[in-house]
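K.L.:
Sequence:
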Amino acid sequence: MMKKRLWITGLIGIVLVCVFGIVLNSRSNADYQPTNNQRIKISFWHEMTGAGAQQIQQFADNFNKSQSKYEVVPQYEGDYNEAIQKILQTHGTNASPALFQSMDVSTGQIRNANITTPVQKFIDQDKYDMSKIMPAARAFYSKDGKQLSMPFNTSQPTVYYNKAVFRKYGIKDLPVDPTYSDIRNAAKAISEKSKGSVKGISVDAYGWFFEEFMANSGQLLANQEDGHTGFPTKVNFTNQASTDAMNWLQSMNKDGSFISFGGGSNALSNELASFLSGKLGITMQSSASMGQLEAGSKNGDLGVAYYPRPDGKKANGVAIGGASLWISNDKDAATQQGAWEFIKYVMQPANQAQWQKATGYIALNKDSQNEPVLKELYKEHPEAQVPSNQLARTKPNSTNSGILMEGLVQMRTITQTAMQQIYSGRDVKSALQDAENQFNSFLTQHNLANGYSNK
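Quick note on full-length UniProt numbering: the sequence shown kicks off at 1 and runs consecutively.
Note that these hints are calculated values from the structure, not bench results. Computed from a prediction, not measured in an experiment: that's the story for all the values here. Ideal Cβ placement from N, Cα and C applies to all residues, glycine included. Do not rely on the hints blindly, as some may be mistaken.
[What the hints assert, rightly or not] Below, simulated SDA-like cross-link-like pairs (lysine to any residue); rule was C-alpha separation at most 20 Å, straight line:
| no. | residue 1 | residue 2 |
| --- | --- | --- |
| 1 | K69 | N112 |
| 2 | K146 | T117 |
| 3 | K357 | Q55 |
| 4 | K375 | E294 |
| 5 | K172 | K41 |
| 6 | K193 | S181 |
| 7 | K314 | V176 |
| 8 | K279 | K314 |
| 9 | K163 | G145 |
| 10 | K41 | Y169 |
| 11 | K357 | K279 |
[As the list claims (entries may be wrong)] Label-pair distances were calculated between CB atoms; the ranges are:
| no. | residue 1 | residue 2 | range |
| --- | --- | --- | --- |
| 12 | Q57 | N437 | 29 to 37 Å |
| 13 | D129 | T243 | 15 to 23 Å |
| 14 | G278 | V73 | 44 to 52 Å |
| 15 | G262 | R167 | 25 to 33 Å |
| 16 | K314 | K132 | 24 to 32 Å |
| 17 | Q75 | G300 | 39 to 47 Å |
| 18 | G278 | Q67 | 48 to 56 Å |
| 19 | N64 | S430 | 56 to 64 Å |
| 20 | K314 | Q445 | 12 to 20 Å |
| 21 | N64 | D173 | 44 to 52 Å |
| 22 | G262 | S68 | 50 to 58 Å |
| 23 | S424 | K193 | 21 to 29 Å |
Assemble the whole structure, with the sequences as input and the hints as a guide.
P.N.:
Now the structure itself:
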């Protein structure tokens, strides 16, 4: 199925190249010069749907009206995995975008492909004040202190709990910065007091969550400082932080307070439906899910807390999720400049505030917190500020600033399988060791095939 999917994606890329090549009469982007009355077109590929896609279009419309030099044209290119293939296949052709959105786990791949101009070039050129952008977000997309891309749709892993369920069974609200024990005790109390009619907690078997347990514990997942100092050659899934987290989840499963909804979109839908109907007390999801959960909850009944931390240990901070904006290096200087101007536009405080209200993604410009649209949102939904506060308090380091390594999609599939096995009762150490061995074997072959070396 994967080979078939890649073949189809490749065919689409070839067709796009041919079509766009014909339309533009095979003129290279480097040779393109606008006439006096012609704007410079900035093709912007993104992967947003729904409210995200609508807001991006609104940003483009407003930007285009605000000046007469550039015309930003947003275009949806499928999900993250589909889009990255199209971006790589069309680079160097007339079909490629000037600006594109790429998911967090593709950062190492995009960097290694050398198809972009780091936004640091434009930051230096304009003396743009990056201190206004939240440190943990910008650190994720940087290397050696240089900004590779601009963080854009940024999320945080978040704990949600149903306050109505907590009230019903006389359980205190979770603290904003909960420990494993805080959550385990609440989940167990819900299950016991409801006589099993309400499950205490569900945590998706999801590789992102697996990584976040280590990040919040200050534990490296891969060598070479999680890829920040060189190409990673091996991972460590059997460390104390991951073992403790998996034992914690398995212990709740054993005492009957935990429920697994499986994997995939249907599982997520069933989990959220169970949570909103009062049949599940606690869940862990992206902060980007907040809008959906707020809409389905009575006002004041949605509790939100930071990602859990090990008992007796201060939170190290979790890594962001989402995607960032990259500028293609196969476009002429004027087009690249236009892409940068649009990036600056969407990062303005008012626009970032509107982005958070419309999508649930976190406003990354610190000055956005003073914007009326966010003040109004927080007044009506105080819980909406929790993910922003969690991100703002995080001090970036190698363990919470992303993993600059290729193959992260494959890694998440492997760790997801290990989590499912652990939920089914398999020995934690055994499951994690098998997962570690499997991915290290993949990583060795991948590095050899691509000529990656730290020498």
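K.L.:
Going back to the hint list, which numbers does this structure go against?
P.N.:
1, 5, 8, 9, 10, 11, 12, 13 and 20
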